[in-house]
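Trainee: First residue of the sequence shown: 1, per my numbering; consecutive thereafter.
There may be inaccurate statements among the hints.
[What the hints assert, rightly or not] Simulated pairs of lysine to aspartate or glutamate, DMTMM-like, Cα-Cα distance not exceeding 20 Å: (1) K25 <-> D50; (2) K122 <-> E164; (3) K25 <-> E51; (4) K25 <-> D73; (5) K7 <-> D64; (6) K122 <-> D50; (7) K122 <-> E187; (8) K7 <-> E167; (9) K25 <-> D59; (10) K25 <-> E179; (11) K25 <-> E60; (12) K7 <-> D59; (13) K7 <-> D71; (14) K122 <-> D71; (15) K122 <-> D73; (16) K7 <-> D165; (17) K122 <-> E160; (18) K7 <-> E60; (19) K25 <-> D146; (20) K122 <-> D165; (21) K7 <-> D50.
Hint data in this document are derived by calculation from the structure and do not stem from the laboratory.
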Amino acid sequence: MKPASSKVVIVGVGLIGGSFALAAKAALAQQANAPHVRFVGMGRTQTALDEALRLGVIDEIGRDWPSALRDADLVLIATPVGQMPSVFAAVAPHLAASTLITDGGSTKCDVIAAARMHLGAKCAQFIPAHPIAGAEKSGAAAARSDLFQGRRVVLTPLPENRAEDVERIRTVWRFCGAEVDVMSAEEHDRIFAAVSHLPHLLAYALVHELAHRDNAEQLFGFAAGGFRDFTRIASSHPEMWRDICLANRRALMQELDAYMVELMRTRALLASRDAEGLMSMFAAARARREAWLSAQKGGAE
Numbered sequence: 001m002k003p004a005s006s007k008v009v010i011v012g013v014g015l016i017g018g019s020f021a022l023a024a025k026a027a028l029a030q031q032a033n034a035p036h037v038r039f040v041g042m043g044r045t046q047t048a049l050d051e052a053l054r055l056g057v058i059d060e061i062g063r064d065w066p067s068a069l070r071d072a073d074l075v076l077i078a079t080p081v082g083q084m085p086s087v088f089a090a091v092a093p094h095l096a097a098s099t100l101i102t103d104g105g106s107t108k109c110d111v112i113a114a115a116r117m118h119l120g121a122k123c124a125q126f127i128p129a130h131p132i133a134g135a136e137k138s139g140a141a142a143a144r145s146d147l148f149q150g151r152r153v154v155l156t157p158l159p160e161n162r163a164e165d166v167e168r169i170r171t172v173w174r175f176c177g178a179e180v181d182v183m184s185a186e187e188h189d190r191i192f193a194a195v196s197h198l199p200h201l202l203a204y205a206l207v208h209e210l211a212h213r214d215n216a217e218q219l220f221g222f223a224a225g226g227f228r229d230f231t232r233i234a235s236s237h238p239e240m241w242r243d244i245c246l247a248n249r250r251a252l253m254q255e256l257d258a259y260m261v262e263l264m265r266t267r268a269l270l271a272s273r274d275a276e277g278l279m280s281m282f283a284a285a286r287a288r289r290e291a292w293l294s295a296q297k298g299g300a301e
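Using the sequences provided together with the hints, build the complete structure.
Mentor: Next up, the structure:
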């Protein structure tokens, strides 16, 4: 956290926004002579804001945009990506030249397009980010001060961003415990369509398909560890994932098409009773996953 910071505005006080505030507070508490930083919450529902205040996630609730943004050093937009255009539009008239903005969106090209549309020249103050630290639970009650510890945050800076501003945002996320990577927005969206957005889509689809069978109660009654592990992320926030899938639909459809081809290959192996082919596929997949898990020890999930 930049020592001179005195006010941080959190737009969306759920898992990501709330954890950001708690992580920063915990880190500040470990510093001698730490500056006093106020965390001001803004959001759609009074209930969510009241809960965040009661839990100590934020220090106060913003009354309106002009007062919330007055003297703010940093604004974190941690809403579902579908809400970000309206947030940018609301923030723009009241954004001081010294205030930086970052976000927690899981897609970046659409968020950047919305920022350019609504922030105009002030878009230079927006440094896009994606903390790779989600969980299937949402809301302020799910927020944790250690959510970003050892996790990765991807920054996708804009050409007009000042290098020192990008470094400030990098420092903020590191202060919260994260490791920071930098890449283009296009590369980000291609990568996460494959390793994040597709798995969520598949988990939702499997649960939905089984739930609409005539014997759904019987199926779910016998479902155990494998089903629970595969479908854990189907407990994630539906609105958030609807917005993510639609925002990154082109890259996601490409990944879905590739996966469907792989499923048809797998079906062909089953239909032909190709034990050797199945064994080879399973062994290769297992080895690659074990190598990934080994590399992830002590790092992000």
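Trainee: Where does the structure disagree with the numbered hints, that is, which hint numbers, in rising order?
Mentor: 6 and 7
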